[in-house]
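K.L.:
Chain residues, written in single-letter form:
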Amino acid sequence: MLLVQTLGKLGQTLVVLFIVSVATFGLLKLAPGDPVQIMLGSEYSQESYESLTAEMGLDRPFLAQYADWALNFVQGDWGTSFVARTDIFTYAFKEALPVTLTLASFSLVFAVLIGVPLGVLSAVKKDTAFDAGSAVFALTGTAFPSFLLGILLIWFFGVRLGWFPVMGYVSPWEDFWTGVYHMILPGLTLSTYFIAMITRLTRATLIEVLDQPYIAAARARGEPGWRVIWVHGVRNIAMPLVTILGLQLGTLLQGTVLTETVFNLPGIGQMLTSAVLGREYMVVQAGVMMTAFLFIGVNLLVDLSYPILDPRLRDRK
Amino acid sequence: MTQVDHKKVLAERLSARLGRRAVLKGLGAGIVAATSAGSFPGIARAQQSGHLKIASVKVIDTLDPHFTGFLSAIQIINNIHNGLLKIAYDGEKVTFEPDLAETWDLEDDKTHVFKLREGVKFHDGTPCDAEAVKFSLLRVKEGEPKSPHAWKLELLEEIEVVDPLTVKLHFSEPYAFLPVALTGSTGRAGTIVSPAAAQKYGTDYGRNPVGTGPFKFVSWRENDAIELEANTEYFEPDMPKLERVTFVLMNEASTALAALMSGQIHGMTDCPMQLVDQVDAFPKATLYGEIEGNYTFVGMNCKKGPFTDINLRRAVAWALDREKLVKQAYFGRAQQAYTPISPPMSGFFDPEIATSGRGQWFDLEKAKEFRAKAENQDEIEVTYMMAERGPVGTRIAQTVAPMLAEIGIKVKLELIEPAAWLKRRNEGDFDLYDFEWVADLDPDETIYPEFKSDGAWNFCGWVNTQFDDLCKQAQVILETEERAKLYYAAEDLLMDEAPIAIMAHMPIYKVFSDKVQGFNYIPADLVNLHTVSLT
Numbered sequence: 001m002l003l004v005q006t007l008g009k010l011g012q013t014l015v016v017l018f019i020v021s022v023a024t025f026g027l028l029k030l031a032p033g034d035p036v037q038i039m040l041g042s043e044y045s046q047e048s049y050e051s052l053t054a055e056m057g058l059d060r061p062f063l064a065q066y067a068d069w070a071l072n073f074v075q076g077d078w079g080t081s082f083v084a085r086t087d088i089f090t091y092a093f094k095e096a097l098p099v100t101l102t103l104a105s106f107s108l109v110f111a112v113l114i115g116v117p118l119g120v121l122s123a124v125k126k127d128t129a130f131d132a133g134s135a136v137f138a139l140t141g142t143a144f145p146s147f148l149l150g151i152l153l154i155w156f157f158g159v160r161l162g163w164f165p166v167m168g169y170v171s172p173w174e175d176f177w178t179g180v181y182h183m184i185l186p187g188l189t190l191s192t193y194f195i196a197m198i199t200r201l202t203r204a205t206l207i208e209v210l211d212q213p214y215i216a217a218a219r220a221r222g223e224p225g226w227r228v229i230w231v232h233g234v235r236n237i238a239m240p241l242v243t244i245l246g247l248q249l250g251t252l253l254q255g256t257v258l259t260e261t262v263f264n265l266p267g268i269g270q271m272l273t274s275a276v277l278g279r280e281y282m283v284v285q286a287g288v289m290m291t292a293f294l295f296i297g298v299n300l301l302v303d304l305s306y307p308i309l310d311p312r313l314r315d316r317k
Numbered sequence: 001m002t003q004v005d006h007k008k009v010l011a012e013r014l015s016a017r018l019g020r021r022a023v024l025k026g027l028g029a030g031i032v033a034a035t036s037a038g039s040f041p042g043i044a045r046a047q048q049s050g051h052l053k054i055a056s057v058k059v060i061d062t063l064d065p066h067f068t069g070f071l072s073a074i075q076i077i078n079n080i081h082n083g084l085l086k087i088a089y090d091g092e093k094v095t096f097e098p099d100l101a102e103t104w105d106l107e108d109d110k111t112h113v114f115k116l117r118e119g120v121k122f123h124d125g126t127p128c129d130a131e132a133v134k135f136s137l138l139r140v141k142e143g144e145p146k147s148p149h150a151w152k153l154e155l156l157e158e159i160e161v162v163d164p165l166t167v168k169l170h171f172s173e174p175y176a177f178l179p180v181a182l183t184g185s186t187g188r189a190g191t192i193v194s195p196a197a198a199q200k201y202g203t204d205y206g207r208n209p210v211g212t213g214p215f216k217f218v219s220w221r222e223n224d225a226i227e228l229e230a231n232t233e234y235f236e237p238d239m240p241k242l243e244r245v246t247f248v249l250m251n252e253a254s255t256a257l258a259a260l261m262s263g264q265i266h267g268m269t270d271c272p273m274q275l276v277d278q279v280d281a282f283p284k285a286t287l288y289g290e291i292e293g294n295y296t297f298v299g300m301n302c303k304k305g306p307f308t309d310i311n312l313r314r315a316v317a318w319a320l321d322r323e324k325l326v327k328q329a330y331f332g333r334a335q336q337a338y339t340p341i342s343p344p345m346s347g348f349f350d351p352e353i354a355t356s357g358r359g360q361w362f363d364l365e366k367a368k369e370f371r372a373k374a375e376n377q378d379e380i381e382v383t384y385m386m387a388e389r390g391p392v393g394t395r396i397a398q399t400v401a402p403m404l405a406e407i408g409i410k411v412k413l414e415l416i417e418p419a420a421w422l423k424r425r426n427e428g429d430f431d432l433y434d435f436e437w438v439a440d441l442d443p444d445e446t447i448y449p450e451f452k453s454d455g456a457w458n459f460c461g462w463v464n465t466q467f468d469d470l471c472k473q474a475q476v477i478l479e480t481e482e483r484a485k486l487y488y489a490a491e492d493l494l495m496d497e498a499p500i501a502i503m504a505h506m507p508i509y510k511v512f513s514d515k516v517q518g519f520n521y522i523p524a525d526l527v528n529l530h531t532v533s534l535t
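Protein chains in written order, with this note's numbering: chain A, 1 to 317; chain B, 1 to 535.
Hints are computed from structural coordinates only; laboratory data are not their basis. Warning: the hint list may mix true and false statements.
Stated by the list, open to error - Only pairs whose alpha carbons sit at most 25 angstroms apart, straight line, appear in this in silico PhoX-like list of lysine-lysine:
#1 Lys29/A to Lys168/B
#2 Lys510/B to Lys94/A
#3 Lys146/B to Lys168/B
#4 Lys510/B to Lys58/B
Stated by the list, open to error - Simulated restraints on C-beta separations:
#5 Lys327/B to Val242/A: 52 to 62 angstroms
#6 Glu92/B to Arg160/A: 35 to 45 angstroms
#7 Leu413/B to Thr128/A: 49 to 59 angstroms
#8 Lys284/B to Ile308/A: 29 to 39 angstroms
#9 Glu417/B to Val242/A: 34 to 44 angstroms
#10 Phe62/A to Glu144/B: 19 to 29 angstroms
#11 Ser105/A to Ala196/B: 54 to 64 angstroms
#12 Pro145/B to Leu304/A: 27 to 37 angstroms
Since the structure is predicted, the reported quantities are computational estimates derived from the model, not experimental observations. Ideal Cβ placement from N, Cα and C applies to all residues, glycine included.
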């Protein structure tokens, strides 16, 4: 049953990816602007313009260009970028994707590590000054534009205090602590929104959970207060939490664009920004396909995780 | 044509650096390169130390000198490669000096002889000899794919390899522009690449450059960094001083500045004008920057729309308050321009231009007189196409619009995205736009291709065959004074018929932290790190 479901989901995924790829390709081609003009800078001749257009295959009909790209793409040949002449698979998949994944994971970890305890405390201390304070914090966090926060963090912690590096990426796989050190400011910047969201969600669901009979039962058994909340309570908010995180992944990936630009991280966000501005059609395609795949993949994982999080969903045959 | 004393011409070009007497003495044997000690390999090799990190905030397309269209790329390319000639600056005058060549001589006014330095090797170990020079020049002139800079060597008829260290270039006409064609702007037509590497990598040479320069290319990670390391076999004595150089590729200049202030990087290859005040206030960095060879202007469409009327164009040209523009749009950092020829064009720029009566400047009365002569006396509505591009983005358009209201032209500002802006400009789909031609060192490249009738870069669509003739005549005259006269006449036509309203010459800034020593500033947007060291 699970297998059939998974296969069905995969089929849907492919259809969605196809639609996404046609739409991106079409939109980019419709947008005014010409990669050859951008490539050649200001000083060029008509002759070199035409020879370059032909060399890059941009003089061919739209459908032929798309079909070419799609056929090569599914075979693992993602093409070569126009300007830098770099292999797009290496650039997008091996270089940019790990950066964005690292940034996204750090933000998620920050969001959970800060958001859940804050939410739990707010729920437990409902209607106290602490609760009100955390509500204000959450509201500000959701409303604050991440790029502005990033710049403020850079100036305060990076330039004023000199505690953290203000830019650059070091892979945590190569040098764990340096990598973490470089991720703290961008990770915090990107996660503010999610910290706030998780705090509110945790508070709301936990308040509901704490009203449930099994909590009353646990208390009646004389279990200590911390155990009632952190074991019986928090375990039961895992499911809504995971669902929301999966759904919000799109927002997270969207946020990486600005965060990566502000902190100069060579991830998918920066790649997509410069590719769109430079009309690097194939790089944009690669970026969008990876993002779409990631989004669909994570939501698939969220679906699959339900039986693990909630034993009641297991083995219903 | 009168007989030109080409020895004298060449001597003039080199005199700033060598001093007149030395030049006259050197004439018998051609001009000796200023740094001739390099011909004894193994002597005075530098001890390299230090890892310099500088931010590069603009797009870098390729590290192939024969294909790039961007100065940000040239800044790096020049540290990896050498040319036949190089640009030098003594604080007052820009000159062209032999680089890979030991001597540069004129046999007659159409034949240039370059004697190369002995024992220079590319980073891949192959020798840099006359054949390599021929290979590079041919690669620009007629290579496949076609180099966008091929036009610079159009007059080159024959490349004669006299012996392994001597190359003779035969031109079909005297070619006054040659030194700039070989070194200047984004062209670098005279930059010498390793033939072995160019053949091996083909179109991928731009990702794997191999030159003779003070630094070797190591790696290029997209959107991240370009790494160079010292070439310990470099031919100039005591260079380079650094062991490693990283160009950190950044999109956000304000982040680069923050990184500089927190000590994470040591400099910026380009400091946007809006950040210069902040840098000035920061005690631990030094700002380099002077007015460079450039000019900015508001372009008017001479092919369609209201600005086909010459009197309306003249009205605009005289209605712009340049002082206000410099203050409001250029943060008070630029210099008012009267004509395109700019300060670093030694011998051509007139230091007294402001009082010479030539060119365009702000005179509202005169503007109103021209406006009164215009065909359409009603209020005219025009579209000004602007984008977040160039050194100051949309600030110019916003400052200009109210000035034109004074003469009954209502400006509709239209903000579009840079790629769309480029396309519309190239197709001539606008009434007004503003732009800047940058990093020019010769009057020819600063006006002729830009305003040649039906030329590819003449986006305003201005046509004037008299202008074309004057520029063409000037191209084959080698003597500066005589050439300058022709360019002045050409400029006067351009300024009078006003396809553009000229605005300013801009300074281009670079910043280095105080730890960086020995940077040699050249007003051609270069970041040559040959002599730079870290303390």
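K.L.:
Run the structure past the numbered hints and jot down the numbers of the failing ones, going up.
P.N.:
Hints 1, 2, 8, 11 and 12 are the ones this structure does not satisfy, whereas the remaining hints hold.
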